[in-house]
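> Each chain, letter by letter, is given below.
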Amino acid sequence: MGAVSRSNEIYIERLNKSYSQQQTAGDLHYIIQDVDLVVKGGEFFVLLGPSGCGKSTLLSLIAGFVSKTSGYLRVGEKEVDRPGQDRAVVFQQADSSLFPWLTVRENVEFGLRMKRIPAARRKEISDRFIGMVGLKGHENKFPRELSGGMKQRVQLARVLSNDPGILLMDEPFGALDAMTRRTMQRELVKIWQETDKTVIFVTHDIQEALLLGGRIGIMSAGPSSRITDIYEVPLPYPRDIAAPEFHDLYNRIQAHFDE
Amino acid sequence: MSKKLRKGPLQVLFWIALIVIWQLVSLIYGPEILPGPIYTAKGGYELLMDGTLLQYIGISAYRVLLGWTLGSLVAVPIGIIIGKVGFIRTFAEPFLNFIRFIPPIAFITLFLVWFGIGETSKVMLIMYATFFIVILNTFTGVLSVEEDKIRSARSMGASEWQIVVHVIIPATVPYIFTGIRLAMGTSFMAIIGAEMIASNEGVGYLIWNSRLFFRTDWIFVGLICLGLMGFLTDRAVGLLGRRLLARYGVVSTTSLKR
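If you read the protein sequences in the order shown, they are chains A and B.
Residue 483 is where the first sequence starts when you use this note's numbering, and the numbers rise one by one after that.
Residue 2 is where the second sequence starts when you use this note's numbering, and the numbers rise one by one after that.
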């Protein structure tokens with residue numbers, strides 16, 4: 483267990499990201515500045531912050547989609563410099579990330595096909611994860627035939643089938659209606675508990691953060707955003723919105739965004 | 002369904018009305034200026050019987066299909082490379098937008114000098130007419146592939162080559178398809194020009210040559226054949242696209258209800 487956890491650990495020190503071209507230190511316009519963070523293997527960590535605070539940028543840095551300006555960023559034993567199969571990303575928009583020309587099953591099997599895994603084994607794996615996300619019976623549908631919630635389920639099954647150690651989720655339930663979102667949150671926690679993956683989940687919804695996260699990192703408003711506070715959420719799953727401790731934590735976190 | 006049932010007879014009615022108006026107008030101006038449908042049909046029958054009409058349609062269609070197919074086959078991979086490689090695009094994009102304003106007809110003399118008076122120069126001209134439209138559409142398609150698709154493929158372990166084959170090309174199919182469909186139109190324009198100036202057969206030759214005998218009815222036969230050839234090939238290409246490429250998001254223009 484110790485070795486597994488270590489490999490799914492994320493270690494970030496004094497991480498900076500700027501999109502401007504000038505390299506003179508004073509003129510750099512930072513999206514995120516001096517971010518320090520350690521996420522342990524198997525942890526469910528939520529990044530909470532206002533819109534435009536650089537949460538997604540931090541996630542893209544961990545994913546390896548964009549390169550850092552300075553600082554240190556390590557996943558497992560390796561410093562991050564490119565995307566890797568140990569880190570899977572669930573995007574905010576299913577429509578822009580799913581492949582509309584592939585069926586649900588073909589989408590879920592995409593990564594396996596790229597690795598040239600034999601068809602029989604692929605089917606075995608895709609059956610398992612399509613079942614896990616509750617899409618059994620929809621295998622041969624195309625994404626355009628699915629609702630928003632179902633499309634996010636496809637995204638989830640698609641990344642899970644590659645067995646990544648880390649799930650990076652960028653407001654994946656932001657575009658869903660409230661009821662579907664509640665269901666998806668519950669099921670995500672269940673899947674996380676079943677699969678023992680490290681999750682970094684980006685959201686601007688305090689309630690969502692409290693329903694999901696073992697720890698919640700608060701990001702300050704950009705530019706030069708950083709993680710200002712980290713809250714432990716010592717409540718058991720499934721979380722009870724009506725519990726006084728839940729309410730208490732909600733108010734304390736809310737206070738960060740009131741000023 | 003009931004809508005479809007009513008649309009068929011209306012379309013027939015439209016064409017009948019068009020022919021009746023054509024006939025009436027031709028009666029006013031006389032057959033030399035405007036040959037009517039009956040007169041044109043007689044001319045067409047004449048050409049059909051001596052075999053020239055089918056032969057000319059065949060040769061024109063052959064030139065267009067060959068040049069268009071070859072042009073598309075060359076243009077698609079080039080379009081994908083231009084779309085994928087920013088460095089090449091820096092040089093290719095201005096050049097493409099410069100050359101696409103030069104119509105194929107303007108090149109006819111040069112192509113005759115370069116490729117001879119035989120079939121090669123005509124097929125090359127059609128290729129030219131096809132080439133740049135397909136390249137432009139293809140690389141526009143490549144550029145509009147959503148970043149999230151490429152990123153998700155990459156983090157699922159796809160190599161750069163696999164991303165091109167399994168993400169960029171399938172996502173670009175509707176753009177490529179639109180490009181080759183538009184190119185069919187310019188191909189017809191190019192072949193008629195070429196056949197008028199430098200050919201002894203083909204529908205373009207028919208239209209141009211008929212002036213020597215002042216057979217305006219034959220000109221009309223040629224025009225109608227062109228319209229029909231274009232219409233039928235476009236429908237065929239559209240149908241093929243719908244049948245084979247539906248999963249890539251190729252939709253028919255006729256099914257759009259707005």
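In short, the hints are calculated from the structure, not lab data.
We put the CB at the ideal spot given by N, CA and C, even for glycine.
One or more of the hints may lead you astray.
Pairs of lysine-lysine residues, derived as PhoX-like cross-links and limited to a Cα-Cα distance of at most 20 Å, are as follows [claimed, not checked]:
id : chain 1 : residue 1 : chain 2 : residue 2
1  : A       : K550      : A       : K605
2  : A       : K672      : A       : K522
3  : B       : K85       : B       : K150
4  : B       : K150      : A       : K597
5  : A       : K550      : A       : K560
6  : B       : K85       : A       : K623
According to the in silico footprint, chain B covers these stretches of chain A (three or more CB under 8 Å from chain B) [unchecked claim]:
id : region
7  : 560 to 571
8  : 591 to 597
> Give a verdict on every hint.
To see whether the hints hold, each was checked on the structure:
1. Between K550/A and K605/A the alpha-carbon distance is near 38 Å, which puts this suggested pair outside the 20 Å criterion.
2. Restraint check: the Cα-Cα separation between K672/A and K522/A comes to about 19 Å, which is no more than 20 Å; the hinted pair holds.
3. Between the alpha carbons of K85/B and K150/B the distance comes to roughly 14 Å, so the proposed pair stays at or under 20 Å and holds.
4. Taken as a hint, the K150/B and K597/A pair is honoured in the structure, with Cα atoms around 17 Å apart against an allowance of 20 Å.
5. Distance restraint check for K550/A and K560/A: the Cα-Cα separation of roughly 15 Å lies within the 20 Å cut-off, and the hinted pair is therefore satisfied.
6. Note on K85/B and K623/A: the hinted pairing is violated, with a Cα-Cα distance of about 30 Å set against a maximum of 20 Å.
7. Taking a C-beta to C-beta cut-off of 8 Å, the region 560 to 571 of chain A contributes 6 residues in contact with chain B, enough for the three needed, and the coverage statement holds.
8. Proximity of the region 591 to 597 of chain A to chain B, defined as three or more residues with a beta carbon under 8 Å from a beta carbon of that chain, is established by the 5 residues found.
Checked against the numbered hints above, the structure violates hints 1 and 6; every other hint is satisfied.
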